[in-house]
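**Student:** Between the sequences and the hints, there should be enough to build the whole structure, so can you do that?
Protein chains: 2
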Amino acid sequence: MFNFTYANNTVIHFGTEQIAKLKSAITKGQKVLLAYGGGSIKNNGVYQQVLDALSKHEVVEFSGIEPNPSYETTMKAVELVKKESVDFILAVGGGSVIDGCKFIAAAAKFDGEPWDILAKNAPVKDAVPLGVVLTLPATGSESNSFAVVSKLATKDKFAFGSPKVQPLFAVLDPSVMASLPERQLTNGIVDAYVHIMEQYLTYDVNAKVQDRFAEGLLLTLIEEGPKVFDNADNEIRANIMWSATMALNGLIGVGVPQDWSTHGIGHEITALYGLDHAQTLAIILPRMMWEMRAEKQDKLLQYAERVWQITDGDNEQCIKLAIEKTEAFFRSVKMGTRFSDYQLGYEVVEPLVAQLERHQQVAMGETKAVTLPRSRSIITESL
Amino acid sequence: MFNFTYANNTVIHFGTEQIAKLKSAITKGQKVLLAYGGGSIKNNGVYQQVLDALSKHEVVEFSGIEPNPSYETTMKAVELVKKESVDFILAVGGGSVIDGCKFIAAAAKFDGEPWDILAKNAPVKDAVPLGVVLTLPATGSESNSFAVVSKLATKDKFAFGSPKVQPLFAVLDPSVMASLPERQLTNGIVDAYVHIMEQYLTYDVNAKVQDRFAEGLLLTLIEEGPKVFDNADNEIRANIMWSATMALNGLIGVGVPQDWSTHGIGHEITALYGLDHAQTLAIILPRMMWEMRAEKQDKLLQYAERVWQITDGDNEQCIKLAIEKTEAFFRSVKMGTRFSDYQLGYEVVEPLVAQLERHQQVAMGETKAVTLPRSRSIITESL
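Chains A and B, in that order, are what the protein sequence lines are. Counting from 2, one number per residue, gives the positions in the first sequence under this note's numbering. Counting from 2, one number per residue, gives the positions in the second sequence under this note's numbering.
Treat the hints as calculated values from the structure; they're not laboratory data. Positions of the beta carbon are idealized from the N, C-alpha and C atoms, including for glycine. Any given hint could turn out to be false.
[To be verified] Listed next, with one range per pair, are the computed distances between beta-carbon atoms: (1) B/Glu224 to A/Gly314: 49 to 59 Å; (2) A/Lys228 to B/Gln310: 17 to 27 Å; (3) B/Lys57 to A/Gly337: 50 to 60 Å; (4) A/Asn10 to B/Gly40: 46 to 56 Å; (5) A/Lys228 to B/Lys29: 50 to 60 Å; (6) A/Thr368 to B/Asp117: 51 to 61 Å.
[As the list claims (entries may be wrong)] Computed list of chain A residues with no C-beta within reach of chain B, every gap over 10 Å: (7) Lys22; (8) Gly65; (9) Asn69; (10) Tyr204; (11) Tyr347; (12) Val354; (13) Gln362.
**Tutor:** This is how it looks when you write it as structure tokens:
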């Protein structure tokens, strides 16, 4: 295990009817920016619950934060925050809304050109305090300090992080998942699964607690994921929601190497071809696992045994079967796992490789082993 | 899963040479109370590392916080904190030193008679800020907000808790475990194990993440515990140390019922017969599991299967074997599991039952099913 420093300050309010806690979670007298996406929260009752809880607060609204939140949109919210002297930002939505709000929170207090936060990693010294009502379990953004924001004009994605944009609290009410479209549930489950794999499937550093926790989250998603679509009860939703939060709140990633090369390729697929983030991960991960089977052998065998109970056969057979099971799991939660599932073919290969090169993604992963030729091979095998 | 609110603000600095981080972890200019126990930290180098890190801080020392820290001793430190206008308390030690320092921190700022914090659950509205250098993994006190303090005069143990006494940071350097006596290593492993069981072995509420995490910690302690005594390397120590912290930092206990009846009986054994806390838990837990096998059947079978890979036989056989394995594990880490291991016999039964009655411990556990007659039976079977 490597040395690490870890804390997670976000207060989690988990369960049904927890949205009412906003009343006391946000300091009395604070002016609140209520920020959300396309308006689905107005149909599922969340919007009204939030307004009811904030009936004693002054509320300013900002809607229209899009999937893959853009610099262009969020900067409009930054103007509003400044003009209205907003004291607190409440993100009501999934990872995109939360990520967008993190940038808004930082940009509104940034002394200089906010673009530098994204493009030049300019340090975030202050931010408007932020809270979350999560409507879509997936990204873990509700209790971490990272965000991804895109620039529409150039199709570039930028990540930034700062303890200053870690949400002060996150309300996790699994019952709000009842109204989610199937595609969003699918995306959330796969996104969480791959987040875990990026932190788990590396080289072994004998971090037994982190490994067991990661495996426990994977097993929970495998057990509960396929059940969430039809007549799911709240317990299933609760287990998925809590798994997705724990998948990327930092805990399973402390003291271990991390990969993130599947995300590296996936981001380019979203940028060039508009696939949902999780769709790209489900396409790439199986072939990434196979391509890296030498470097990741110990962990792949551990994954095969502990997550899929695969012990019969030689190493390569066990690994192959574990990858097949992984891909079958993605399909069981209604996710495509090939470019061809999205009517894409050989034409994507060179543009994606070129994009990776342009972004200097030429030595990705925990051992920098994912070179451009290997990325090309992974993409080609994933058609 | 039940609704819950959870946060853990303690910043963990984990790994070798992390003690040096005290220099920046404690605000410049603050006057620090360096509090410790019997002085073992002067022999293992921890004391000198702490002083080196705090060379720019003004430091006042208080030593002699005993195992099962006493009201009498800690109140002497409270006087010192007030007299010296201490700004920050640094607890250097195991659970007893940390628990004692939590009471010192609360008592020094308490408006009224500090005894009321323990005896009357008087709310703690303020406390001196607190940090920890952990020398003995066991209690989890380094990153939670609870403490147990005893009154020597009456042999009573009192628990209290407040977010105000949650340590701001905890330094976890596993290399300091190298100099621990065998008995303390044994105590720490068993203490952590039983903490997990108190939160895990209840009735099933379908909290799959919490269950998997608890099982992961148990499996880690089972795998690493017996290896820590002879020629252990730092990785083994690190896994045990991190397991013990995660065992009682609140995470595996959110949203689930909790038991704590083994602790209920155990506290009385320590109070009357002076056994170490963990020694008492190892005596009681196996018989508690058997006595409660009807109420806890689902979880006992899950424990048998997932932790001990026991699936053959009828329910009662599986449960019996899982309990035997648990007791054998305790013995494998050099812990006694019977009163007779401590030259105690039938004479303990009625005094312990009387003590439980005196403390109104007449309906313990997650379903209040541990009545006095059942406690008597558990104690008798544990001789």
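**Student:** With reference to the structure, classify each hint as holding or not holding.
**Tutor:** Verification of the hints:
Distance hint check for B/Glu224 and A/Gly314: the Cβ-Cβ separation is about 25 Å, which falls outside the suggested range of 49 to 59 Å. Distance hint check: the CB atoms of A/Lys228 and B/Gln310 are about 26 Å apart, consistent with the given range 17 to 27 Å. Checked against the hint of 50 to 60 Å, the pair B/Lys57 and A/Gly337 passes, with Cβ atoms roughly 59 Å apart. Distance hint for A/Asn10 and B/Gly40: a CB-CB separation of about 35 Å, inconsistent with the stated range 46 to 56 Å.
Between A/Lys228 and B/Lys29 the beta carbon distance is about 54 Å. The supplied range of 50 to 60 Å therefore holds. Distance hint check: the CB atoms of A/Thr368 and B/Asp117 are about 58 Å apart, consistent with the given range 51 to 61 Å. Some Cβ of chain B comes within 10 Å of the Cβ of A/Lys22; the nearest lies about 8 Å off, and the non-interface call is violated. Look at A/Gly65: its CB is around 31 Å from the nearest CB on chain B, clear of 10 Å, so calling it non-interface holds up.
Listed as outside the interface, A/Asn69 is consistent with that label: its C-beta sits roughly 28 Å from the nearest C-beta of chain B, beyond the 10 Å cut-off. The claim that A/Tyr204 is not at the interface with chain B holds, since no C-beta of that chain comes within 10 Å of its own (minimum 14 Å). No Cβ of chain B comes within 10 Å of the Cβ of A/Tyr347; the nearest lies about 41 Å off, and the non-interface call holds. Residue placement check: A/Val354 keeps its beta carbon more than 10 Å from all beta carbons of chain B (closest about 38 Å).
Non-interface status of A/Gln362 relative to chain B is upheld: no Cβ of that chain comes within 10 Å, the nearest being about 30 Å off.
Comparing the model with each earlier hint shows violations of hints 1, 4 and 7; every other hint is respected.
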